[in-house]
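Each chain, written out:
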Amino acid sequence: MWGILGIITVAAIIFGIDGPKLIQQGHKKEMWIFSILLCIGTGLGIALVRRIDLPSPVDWIEALYRIF
Amino acid sequence: MDNVKISIRQFTILVILFTIGTAILIIPAPIALIAKQDAWISALMGIGMGVLLMLLYSALGSQYPGLTLVEMNERLLGKWIGKIVSLGFLYFAFITSSELLYFVGDFLATQIMPDSPLPSLNVLFAVILLMGVRLGLEVFARAAEILFPLCILLFLILVIFIVPEIDIKNMKPMFNAGATNIIQAGMMFTSVASVPVVSMLMIGPVCVNEPQKIRKAFVMGTLIGGIFLFIVIILTVLVLGADFTARQAYPSYVLAKRVNVGHFLQRIEAIVAIMWIITIYFRMMIYYYSAVVGIAQIFKIKDYRSLTLPLGFIAVIFSLIIHPNEAHSIHYNERYWPMFASTFGIFLPLLLLVVSFYRNKMAGKGNA
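Sequences listed follow chains A and B, in order. For the first sequence, my numbering gives the first residue as 1, with consecutive numbering after it. For the second sequence, my numbering gives the first residue as 1001, with consecutive numbering after it.
By construction, these hints were calculated from the structure, which means they are not laboratory data. Beta carbons are placed, not taken as given, at the ideal position from N, Cα and C, and that holds for glycine. Certain hints may be false.
Which chain B residues face chain A? A few, computed with CB under 7 Å, are given here [as the list claims (entries may be wrong)]: (1) 1112; (2) 1152; (3) 1154; (4) 1156; (5) 1299; (6) 1306; (7) 1309; (8) 1332; (9) 1336.
Quick look at which bits of chain A chain B covers, simulated, 3 or more residues with Cβ under 8 Å [said to hold, decoys possible]: (10) 8–16; (11) 19–32; (12) 36–47; (13) 57–67.
Okay, derived cross-link-like pairs now, DSBU-like style, lysine-lysine, Cα gap no bigger than 35 Å in a straight line [to be verified]: (14) A/29 to B/1300; (15) B/1257 to A/29; (16) B/1079 to B/1257; (17) B/1257 to B/1302; (18) B/1083 to A/21; (19) B/1216 to A/29; (20) B/1079 to B/1172; (21) B/1079 to B/1302; (22) B/1216 to A/28.
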């Protein structure tokens, strides 16, 4: 419970720091990418806090290079 | 990109700090394992190969001054292939910066602050990382300029005080390890110390106010960084012996612990750790900066700063899941990372150079 709240708080803070400026400037592309990245981060964060087993980012690098 | 300019001197210092980076802590062990007491020969070979790589990078950089690696990819390989290749490189830079975050947290947690929870250490360092990158290249280049003399000082303290502990017998028998082993260890050296310097191509050609001096900067940076590493490797073998070195996770840290001047000047390892944290930091910042700027360039975003925080968030999370345990980390770094790094550090620049030769030739024929 607290973990999830914590992650959402961090996400909100990040949005608070950069969001308003982006909205003001009206750069659509930046807003989109910023938000998508933030959502990915929040999702991963919640998974982490809930101790869901996440695959390591290097797992598929290993799979790829195992060919050699 | 906004017009940031850094001086050649700052660029050289960044290359030096980048080369020393993590290598200074983790390189002596695998090299001593393979080349044993001839590890210093491997180091010299590694530096030589690194210099060759620098010539490759500066050739590429001088062909297309004003373009970062990501822009070069697009220009030379076409819009879509270029973007895909760039994404690969950026993933490499991003993952490695995450891995360095893991590394810093792990080092601190095991050696200095074992009671602190790992996530908080990683987050703490990530915050400083993000601050540095958000403030921009000029700022952290200047910080490098200021911190570099401190690194030299701390390094000298370590070296001068460890010299009394040298046992020259540890170097013998010389040339015993066999050429293949020495060469293999040398390649390992280069793959950790110099191959990732390709990331500096995201910074180099664009942001330096004298682009033609870039080659000198790359080469000098590698040489000076290489000297630091060479000294560390030779000292670990001389003082600790090749076998012992090969068994340590952080041989140069053990070296610092050994300093004992008259039973008075002892336990300086925390002070020397400051130097390592600085070098690791700059390596992490350059990887992360490359990744963020690269992503901004792929999506044609003007200001990369807005992306730093969300990406940083992801980077921290990655750093906590990237290696479930030390064995996984060692396995990945020995078996997969050199190939992964070489794809972008050796293969990609070569490919780009070949393509650019070919294109120039075609253009030449057209004009004739």
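- Message: With the threshold set at 35 Å, check whether the alpha-carbon distance from residue 29 of chain A to residue 1300 of chain B stays at or below it.
- Response: 9 Å, holds
- Does residue 29 of chain A lie within 35 Å of residue 1216 of chain B when you go C-alpha to C-alpha? Violated, because 39 Å separates the two Cα atoms, which is more than 35 Å.
- Are residue 1083 of chain B and residue 21 of chain A close enough, with their CA atoms no more than 35 Å apart? 28 Å, holds
- Query: With a cut-off of 8 Å between beta carbons, are at least three residues of the segment 36–47 of chain A near chain B?
  - Reply: holds (count 7)
- Query: Was the hint right that residue 1309 of chain B lines chain A, CB cutoff 7 Å?
  - Reply: 5 Å, holds
- Task: Below or equal to 35 Å on CA atoms is what counts here, so check residue 1079 of chain B against residue 1257 of chain B.
- Result: 53 Å, violated
- Message: Check the hint pairing residue 1216 of chain B with residue 28 of chain A against an upper bound of 35 Å on the C-alpha distance.
- Response: 42 Å, violated
- Interface hint outcome for residue 1154 of chain B [beta carbon to chain A under 7 Å]: 32 Å, violated
- Query: For the segment 19–32 of chain A, do at least 3 residues have a Cβ located nearer than 8 Å to some Cβ of chain B?
  - Reply: holds (count 5)
- Query: Quick one, are residue 1257 of chain B and residue 29 of chain A close enough, alpha carbons at most 35 Å?
  - Reply: 52 Å, violated
- Task: Hold the hint about residue 1299 of chain B up to the distance rule: shortest CB distance to chain A must be less than 7 Å.
- Result: 6 Å, holds
- Does residue 1302 of chain B lie within 35 Å of residue 1257 of chain B when you go C-alpha to C-alpha? 48 Å, violated
Hints 1, 2, 3, 4, 15, 16, 17, 19, 20 and 22 from the earlier list are contradicted by this structure; the remaining hints agree with it.
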